[in-house]
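Trainee: For the record, the sequence lines run as chains A and B.
The opening residue of the first sequence carries number 1 in this note's numbering; numbering runs sequentially from there.
The opening residue of the second sequence carries number 1 in this note's numbering; numbering runs sequentially from there.
Worth flagging that the hints you see were computed from the coordinates, not collected in a lab.
Hints may contain errors.
Stated by the list, open to error - Short derived list, chain B residues pointing at chain A, Cβ under 8 angstroms: (1) L21; (2) V25; (3) L29; (4) M33; (5) L40; (6) Y43; (7) D44; (8) I47; (9) P78; (10) E80; (11) P85; (12) N126; (13) Y130; (14) S142; (15) F151.
To be verified - Label pairs and their computed distance ranges (CB to CB): (16) B:I31 to A:P17: 20 to 26 angstroms; (17) B:D87 to A:V19: 51 to 57 angstroms; (18) B:E15 to A:S76: 53 to 59 angstroms; (19) A:D55 to B:A100: 33 to 39 angstroms; (20) B:G81 to A:D92: 31 to 37 angstroms; (21) B:R95 to A:D41: 36 to 42 angstroms; (22) B:A104 to A:D41: 33 to 39 angstroms; (23) A:A88 to B:M33: 26 to 32 angstroms; (24) B:L26 to A:T135: 55 to 61 angstroms; (25) B:V24 to A:A88: 39 to 45 angstroms; (26) A:D41 to B:L26: 26 to 32 angstroms.
Using N, Cα and C, we set each Cβ at its ideal position, and we do this for glycine too.
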Amino acid sequence: MRLGEPSRLQAVINVTPLVDVVLVLLIIFMVMAPQLSKGPDVTLPDTAKPRDQGDERSRILVTIDEAGGLWIDDQSFPADRFEEGLRAAAGDDPDPKVVIRADARLRLGEVRQAMLAIEQAGFHGVGLIAKRIGTETKGD
Amino acid sequence: MQLNSDVSGSDLHSEINVTPLVDVVLVLLIIFMVVVPLLLQGYDANIARTSANAAPAQAEESQLILSIVPTACRILEPPEGDGLPADCRVTLADREIRAADLPARVAELLGGRPAEKRVLFLAADNRLNYEGVLRIVDLAKSNIDDLTIEFITTD
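Okay, chain B solo, but in the shape it has when bound (with noise of 0.2 angstroms):
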């Protein structure tokens, strides 16, 4: 046995090939760098107006309105935790409903419609936390697809 070889007495390698993964590696730190930092997530929404040019295509007996107080639903102030306070309620198409049926809820009233039909006006209180009704929003559009929101202004 020699000493300062690296080959000590046998021709077997048992060296990683290790090319691959730094390639694979190289190509995954280029994606990483290109892309994460460009992806956005959030949601849809229109302003729909109250005055002459509302939704002209939306007849009016067809008009799903889901509207939230503050005194029924308390998001003030920035909801703490991940979902919504327990006893939040919200007002679809005039009927007081906890938001956690919201999903249910919209899906079956909605979803028999064809895509571009499913439209929820939105009449929420302009005191409300933005983060609870984005909130109340991702639960009225999580059992359904092509949901379109519509915020109702009234001006």
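Looking at chain A on its own, in the form it has when it is part of the complex (with noise of 0.2 angstroms):
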């Protein structure tokens, strides 16, 4: 110790070990991030410019796998009972939204159909989920 100084004992924290820690769990949330959805994985149809269609927890997420199997959030549902789930998913919603992910190798008459029958259950219109063209989400 020399003259004139005070105790030069530093307290300091050494946060290198923590910032590297925070920074890998921030990238792998980023990567894995999109993989934790609700519903079975689907290969989404890619475009240009797909618009906002808002938060998935607000609205009733109806998944067509690769199959034209019919999925309500993380409940596959057979073809006769759709319509019965649905009004069950949509509960006391008052202005319930459903969007349809379905899978990009699927033809268009397959997503028609379920388009139909949720309208027959009394909801108005649906949005179609894509993602934006080089994007990465889940089902990649």
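Take each chain as given, in its own frame, and dock them per the hints.
Mentor: Pasting the structure below:
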């Protein structure tokens, strides 16, 4: 210790490992997060300029997988119980909004059939979910 | 100069203050955790019946119909690459045009209307690939805001 100076004990926490860990966590979440959403994996259609369809928690999420199977959120439904399932999923929501995550390899007819069933169950208008070309999302 | 000391003869501390950086990174982490998996992107679409309950507000003469048939636009399988087949043609208001001209034509035909009357009726073959049809929908919407897409269904 030199003259005229107080103790130079430094109580600084070494934050470098913390920053490392947090950065790695950040990257892990950035990569993994799109795959945490509900429903089975599908290859969403790639399009140039899809519009914002809001938050998936406020939507009834219908998924049509590659084989044409229908899902509401995480649950698979046979075609004859689909409308019933939709109404159950809507619950008390006065203005429920349905979005369809359909596999890019499907034929339009299969998606149209689901749209008709949704209309029949009393929901007007759907959102057809796509992903912007060049972005990574679930199912890739 | 002392060994075993991190203050080697100088009182100047040239350490970067990382606390704000850590704060920012943590907040970013939380934002990504909460927001990213839940945002959806896509296209609004309705089903229009050609039976009695078809869009009553739409006057007959102002209906703009876009037809897609597999003979003019070969999209029975998912289109390769990012776009549509180069020779893809669609029929808009009874005129066959190249799919690439769609954004300009739709904007020209519907751009003058108020937002609630910008409706495009889509008559697409059921055998067409879904991704291909969505890419055509994307083209139709790309130069105009508030365009409503109505899938025509006969049943």
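Trainee: Compare the structure with each hint and give your call.
Mentor: Status of each hint after checking the structure:
no., hint, verdict
1, L21, "holds (7 angstroms)"
2, V25, "holds (5 angstroms)"
3, L29, "holds (5 angstroms)"
4, M33, "holds (5 angstroms)"
5, L40, "holds (4 angstroms)"
6, Y43, "holds (5 angstroms)"
7, D44, "holds (6 angstroms)"
8, I47, "holds (5 angstroms)"
9, P78, "holds (5 angstroms)"
10, E80, "violated (11 angstroms)"
11, P85, "violated (15 angstroms)"
12, N126, "holds (3 angstroms)"
13, Y130, "holds (5 angstroms)"
14, S142, "holds (6 angstroms)"
15, F151, "holds (6 angstroms)"
16, B:I31 to A:P17: 20 to 26 angstroms, "holds (23 angstroms)"
17, B:D87 to A:V19: 51 to 57 angstroms, "holds (54 angstroms)"
18, B:E15 to A:S76: 53 to 59 angstroms, "holds (57 angstroms)"
19, A:D55 to B:A100: 33 to 39 angstroms, "holds (34 angstroms)"
20, B:G81 to A:D92: 31 to 37 angstroms, "violated (45 angstroms)"
21, B:R95 to A:D41: 36 to 42 angstroms, "holds (41 angstroms)"
22, B:A104 to A:D41: 33 to 39 angstroms, "holds (37 angstroms)"
23, A:A88 to B:M33: 26 to 32 angstroms, "holds (29 angstroms)"
24, B:L26 to A:T135: 55 to 61 angstroms, "violated (25 angstroms)"
25, B:V24 to A:A88: 39 to 45 angstroms, "holds (43 angstroms)"
26, A:D41 to B:L26: 26 to 32 angstroms, "holds (30 angstroms)"
Hint check: violations occur at hints 10, 11, 20, 24; the rest are consistent with the structure.
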